[in-house]
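J.: Throw the hints in and build the complete structure from the sequences for me.
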Amino acid sequence: MSKKNLTAQDSEFIDPNSPDFPETAEPELDPSTKKVLSSISEKKDTITQEETTSMDTKEMKLSGFDLKNLTRKHKIIAGVAILTLVLLSILGTLSVYAYGVASQMKQQALESTQVGKEAYDLFKTQNLPATQEKVAEINTRLDDITTTYQKLSFMSYIPFANRYYSDGLHGLAAADAGLTAATKALNAVSPYADVLGFSGDQPFQGGTTEDRVKIILETLEKISPELDSIGEDLRIVGSELAQIDPNHYPEKVGDIEVRAMIEQAQELAAGASTSLTEYRPVLQQLPSVAGANGETKKYLVLFQNDNELRPTGGFLTAYAIINITDGKVEAEKSDDIYELDQKFTKTEPIPEELGRYLTTERYWNLRDMNISPDFKESMDKFYESYTGIKGEPDNIDGIIAVDTHFLTSLMKVLGPVEVPGYGTFSAENDPRCDCPEIIYVLSEIITKPTPYLRDDRKGILGPLMRALLSKAYAAPKQLWPELFAEGFASIAGRNVQFYFLDEDHQAAAELAQAAGRMTPPKNGEDFLAIVNANLGGAKSNLFVTYDVEQVVSAPVNGRIEKTVEITYKNPRRADNCSLEAGLLCLNSTLRDWTRLYIPQGAELVEATGFNEEARVYDENGFTVIDGFFILEPLGTAKLSFTYTVPYENEEEYVGKVWKQGGLETFDVLFDVTGGQELVTVDKDITYTTPF
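Residue numbers (numbering that gives the first Met the number 0): 0 to 690.
Be aware that a few hints might be false.
[Unchecked claim] Straight-line alpha carbon distances no greater than 30 Å define the calculated DSS-like cross-link-like pairs of lysine-lysine that follow: (1) Lys327 <-> Lys105; (2) Lys411 <-> Lys658; (3) Lys345 <-> Lys297; (4) Lys568 <-> Lys411; (5) Lys327 <-> Lys411.
Simulated from the structure, these hints should not be mistaken for lab results.
T.: So, in structure tokens, the structure goes:
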């Protein structure tokens, strides 16, 4: 903004007689105020003073009263009364003046808010040039508001009022820094507007959509230095707003929730500054992860079939090797996970929990190694075993896991996809399973038994990904925001997870919550992760749903007591899973291994619903409750756990619910000391409520 920086400190020490004191316009007074001032003037003209060495010889006449013979006490009272009258008159005049200035500012603020809404709407429609124009207009309007506000600088000398005047200065300084950050961000991406999917001044003439992706990666590298400057502006926004105490303001003025608005602005400012600081490493590493500057990256892609749920999100059904260069993806190979296990020669005994129902297995196969719900923990084990398998690349840079939810979400945006050699896939509902067609067709290709040997039956992953990416590259830029939104939602829901060998890449993935980690709770908050593993039930998780109820008591002696009840339902009849029938088997008896991860130090009081007594042990900073149950088609199963948790906060309950990969959503009913609230979990959530 083209103005002198305005701060509360500057204003508080300006002498009104100084040339630096802001000029103010003569206020327009109403007739009643003019009458009061005229009366004061007439009374002042009647007061005469004569120099004397004592107050007893001073004569003062006011409105016909002779004050000469008044006592000293009465003279003081009279003087105070006159001074009070004068001050009240001055304050009355200033109040009228301040009201006029405030009314002018209110109108200016309303107009600026409207322009701000227009700028936001233009940004949502990807019209970058018009957004820049609106932001510039807001900047000019903020200059006008600041000039008007300076007319109230006399308030900095008035006790009580100076606090609110200072808050206004902090608010204006925050707005100035925020607009500066927005302007810098828009200017940074403006040269690449059309490439990034915005309406630019010049249409993109650089070639194919793959060329567009390459330029996007280059853009991230070029704007990275500008992030420091933008981050400093956002820090100023947060710092200025933090100096405003919301408790000095009423909760509501009319219909406006004043205090809540201030608190929300402070939270948003602090969050924006923190997010930019934390996510900068992500933006810095993303070009390298995507093979920028011609440096090809090689990744192992695992397809997790979430219809057969496993701890990280699904049974490891198929895999592919892909190469990414400048954002362009090329499939190197793809195959059935069983083919990979055929080449895996290590003979490590299968874990006891898996062997309980996987009775035909003596050794631990690659396809069953995603035993930990923490994706990195599972992939550490998988990669260690994968390394050295003959015929497999020894130079992969990381592992990417995707499930059917991710593939379906992309197809909903892109429309039907033709996969050469396999047919057309779509996200439309298929009545044969009451599920997206892609899921049913994939199940037929992958799992349906046949009387003949089917070559490459699970090699579909590579061709399917290639077809999806080709359609995404060819998609009009208007679809890009929706594609990005689906991608981010899939990452947040652990339907896509990343594991990198490079430490910086892995750290960036964890920072972006894209690495599928499960970390112990901090700051004494509660925690719950429900981890299910289908160890024999066909693809019944396609139909199984569950909901959760948590009943929480107030803390007593540093602990809370909780009861967690999980209700599982399978509303579909069983399929004919006989091999002789040769039919597609999707729904069958579910044999489930269930684990609850709760804060370390929790103590189990009672557990019901498992086939046997629950096991309790510690793992990676958690206490774990572990057991097995069976759910029949058209059946219901209920698990209930009562336990106590270390908890010191006596004012409010703060609990985190961790979402397992492979799930779409589930509902949690929180009942905290009698108050109930239903929450839908589609990603990790933190729930807070007073006791």
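J.: Next, verify each hint and record whether it holds.
T.: Results for each hint:
1. Lys327 <-> Lys105: violated (52 Å)
2. Lys411 <-> Lys658: Roughly 23 Å between the alpha carbons, so the hint for lysine 411 and lysine 658 holds.
3. Lys345 <-> Lys297: Within the cut-off at roughly 25 Å; holds.
4. Lys568 <-> Lys411: The given pair, whose Cα atoms are some 27 Å apart, holds under the 30 Å limit.
5. Lys327 <-> Lys411: With a Cα-Cα distance of about 22 Å, the restraint between lysine 327 and lysine 411 holds, given a limit of 30 Å.
Hint compliance for this structure: hint 1 alone is broken.
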